[in-house]
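Chemist: Letter by letter, the chains look like this.
2 protein chains.
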Amino acid sequence: MMETMQTRYKKLMEKAKNLLVLQSAEYIIHWDMETMMPPKAIKLRSQQLSLLSRIEHRMSTDPEIGTLLQEITRRPQYDKLDEIEKRNVYLIKKNYDEQTRLPEDLVAEIAKQRAITVDVWKKAKAAKDFSMFRPELEKLVELEKKAAEILMEVKETATPYDALIDIYEPKMTAKTITKVFDELREGLVSIIKKCETAPKKPDTSILKHKIPIDIQRQIAKALAEAVEYDVTSKEAGGRIDETEHPFTNGYYDDVRITTHYHEDNFTSSIFSVLHEAGHAIYEQNLSPEWMYQPIGTGCSSGFHESQSRFVENIIGRSREFWVYFIPKLKKIAGNVLADVELDPFVHAINQVKPSKIRVEADEVTYGLHIIIRFNIERDLFADKIIVKELPEVWNQKYKEYLGIKIENDSEGVMQDTHWASCLYGYFPSYALGNIYSGQILAAMEKDLPGWRKQLAKGNFKNIKKWLVKNVHTHGNLYDPADLIKKITGKELNVKPYLNYLNDKYSKLYGF
Amino acid sequence: MMETMQTRYKKLMEKAKNLLVLQSAEYIIHWDMETMMPPKAIKLRSQQLSLLSRIEHRMSTDPEIGTLLQEITRRPQYDKLDEIEKRNVYLIKKNYDEQTRLPEDLVAEIAKQRAITVDVWKKAKAAKDFSMFRPELEKLVELEKKAAEILMEVKETATPYDALIDIYEPKMTAKTITKVFDELREGLVSIIKKCETAPKKPDTSILKHKIPIDIQRQIAKALAEAVEYDVTSKEAGGRIDETEHPFTNGYYDDVRITTHYHEDNFTSSIFSVLHEAGHAIYEQNLSPEWMYQPIGTGCSSGFHESQSRFVENIIGRSREFWVYFIPKLKKIAGNVLADVELDPFVHAINQVKPSKIRVEADEVTYGLHIIIRFNIERDLFADKIIVKELPEVWNQKYKEYLGIKIENDSEGVMQDTHWASCLYGYFPSYALGNIYSGQILAAMEKDLPGWRKQLAKGNFKNIKKWLVKNVHTHGNLYDPADLIKKITGKELNVKPYLNYLNDKYSKLYGF
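So the sequences go chain by chain: G and X. For the first sequence, the numbering used here assigns the number 524 to the initial residue and increments by one for each residue that follows. For the second sequence, the numbering used here assigns the number 524 to the initial residue and increments by one for each residue that follows.
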């Protein structure tokens, strides 16, 4: 009897493997589109991507998977599977149920409407005209609400919006997020106020030095090396390339990051490289024996952000990192950065200043941008606000949360691509990532009390080893709530992150 | 009734389109492997390629295609299809019949044995030891003979080897090739002898100047521009990248070439860029309205070679091209090529000298390398020689055809990857390409008698226009024998190519 069970499990895993391998091939096609593709090829590329996603959908909904799942999940045999096998079966079943329950017509309609909405969003943003964007966004939201209602049934979530959150942060709910974000908001606002009234102010003029792109490329490589993301050796599993918007993509032995070099803003590429390298080392250090298994992926979008933000902010914006890296920076950049001094530089890269644009926000105000978006999405999917009201609600919240007056919708509600791209439920991941990173830091500090001293000497090895052992290696074996408990012994909790910020910014600003 | 026919035809074409789109995606994955992939990813990449080829095979052998073909090819309705529709149906049927008739087990066995044989070939070549290579090659040849016998039945060819030739050069036969190659050999040997005893000799020392790789990259771009292969504009449909072995790959709006830069051999990249650009402009200039249809591909491997060799040799090794390009070359390279003079340079790049290695051979001796390989393959698949005898036969033929003594099998029978890679039937394409290019040149000279004068002024536009109109645009609408007749009004004929060579080399060598 067990033999049949093992044969079935093996069959099921073979199908899961094919799906993962296909997805990893699609990553290459996407990456090539953003980095290497000759411009003329864009129409052909959309045909390729659409075909591959249809093949992927067909593989995900293969009726044989359904039959195998039915047989495998039948008790008592099911109980003989071990923890890892059960998790693999669970993840395959979750994907199968979602993919098969969403009507193909609806999926196709959403894909089509999303393409239209993204296209109109670009034009409306350029024209600073929300009224152009509105009718298409309304259609998209209506379609996504239908999908969310179906997913709510499949996933048995309390609300449609929870079913969307679950795509990125499994089992997380708007109710929990609301609670922690309220606490986070209070803490962030308090720090911002202290910084505003603090005696010490950063001088950011040093960040305006013009650095040639070629030099910035060398700096990027040195940074990758510093955080052990290998892009140069004969055994390298990574690359750094250039795109308009930085991103990470790949699977295990082929994880690539991109950045954008701005001649008059050299720290932009520095922090995007560190951020993406944080994502990359997570993907590269999943348990090797789980390659081609569903558990061999990142835990959630929030956990992915926890790793990118850990490397970007907790490591990359720490004083200790720059104790080590400023001499390297000067060696590469030469005269043009000769006047960089440690403490003024560290304060400059940690300036706290409320602003309009999320992607340009500092570590402290960033969370407020996210909380605003989460609150709006939640209310939108609960029918408490309608698309038409988005600009008004947006501008009012920016005034209230950040004390900022939004002049037009291009720098307001239309600044991000997420809503046009139908990524509802994604925004909370960014701030959840920050919260996780604070808890992870607190746990790491217990095991590695000397990490700051080591970092100042350029020793990132032990920090990485700790992250690999405690975070990366667990892959997708646990849902995020269970993983954070496994790592830290505690539930999701804002305090460690706020403690970290308070400690750091009180030193920087002298409050 | 016709409506049903049109619906079926449309359905069939949709399936053919999917196959072409998938193949174009596979090109990207291959290209990335050779150019961009981090080294660690090689195992993952082989999983991706193997999965994609399995998906491709499944799509090719979709039983629905079989049903649609049966219905569509039923008379009298079939006769209502136009010429283009009939050709598409023919090409789909040909592929379907071949793919479905070859047993999957045999295909898998060949794929596996090929991987082993390539691996052993590399080691045996490094060790200069044919006896290492032999047992694996024997297994591969036996398997390929089985496949060839099945294909012979499907394709109704006279011999198994003809069925292999047909893969690359549809409807071509070993009998026809033997006839034209015998004539070609006689002509080439005569030219070689005349060059050997001629009064003028080339001085090739100019070709040894060291040119920095960065300069060579700029030369490559200028060459691409000169033959209208766009790699730089905002509407570019091409790229030039770097690989160990140059190649072209892509589809319509995304056709990429690669080259290899040798600091101490700058003409190597010059001619590989021109060669690959010849392939690329063929692919880019297939009828745009045939994109995603089976007729929207190159006619045959031989025709592809005719286009690459036309651009590399007939254009790129002509005096007129260098009248135009030497000033450009000097402008890019500066002092280091200041001493290049037109006629000595043109003679140097057209040196005729029998040698051991095919890929380093000149335009005239090259054909003899191919004829040797063809004769051996033909006899191998006719059981007139066995694998064990290959080195002896090889060395004897090199002595007889080229007057060359082969010292070891690495520079002899093991120099090429083709036999280890199971590309039997491919070699003749190279020399057929030369023969076609001679006939095409003769036809072009009638329409464009002033082409050499135009070329000397840097005007390649009319030449390209002629090639597009008379060769490229026909795609795969005709079999090669029909296409050469369509273009030139004549059957396959060696004379124009020999005339071209005689005329060119008598001027260069003064015989």
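Derived by calculation from the structure, the hints in this document are not laboratory data. Hints are not guaranteed to be accurate.
For identical chains, the list gives no copy identity; a pair is met inside one copy or between any two copies.
Unchecked claim - Only pairs whose alpha carbons sit at most 30 Å apart, straight line, appear in this in silico BS3-like list of lysine-lysine:
(1) 563 - 757
(2) 538 - 716
(3) 717 - 969
(4) 534 - 635
(5) 757 - 744
(6) 744 - 566
Quantities reported herein were computed from a predicted structural model and do not represent experimental measurements.
Chemist: Hints first: check each against the structure and report whether it holds.
Modeler: Hint check:
For a Cα distance limit of 30 Å, the shortest separation of residue 563 from residue 757 across copies, 8 Å, qualifies, whereas the shortest one inside one copy, 33 Å, does not. Taking identical chains as interchangeable, the C-alpha atoms of residue 538 and residue 716 are never at most 30 Å apart, the minima being 54 Å within one chain and 63 Å between chains. For the identical chains of this complex, residue 717 and residue 969 are intra-copy neighbours only, at 28 Å inside a copy versus 85 Å across copies, given an alpha-carbon limit of 30 Å. In this assembly of identical chains, the alpha carbons of residue 534 and residue 635 lie at most 30 Å apart only when taken from different copies (22 Å versus 34 Å within one copy).
When the C-alpha separation of residue 757 and residue 744 is checked against a cutoff of 30 Å, the pair qualifies both within a copy, at 15 Å, and between copies, at 28 Å. With identical chains, the CA atoms of residue 744 and residue 566 are at most 30 Å apart between copies only, with a shortest distance of 25 Å across copies and 33 Å within one.
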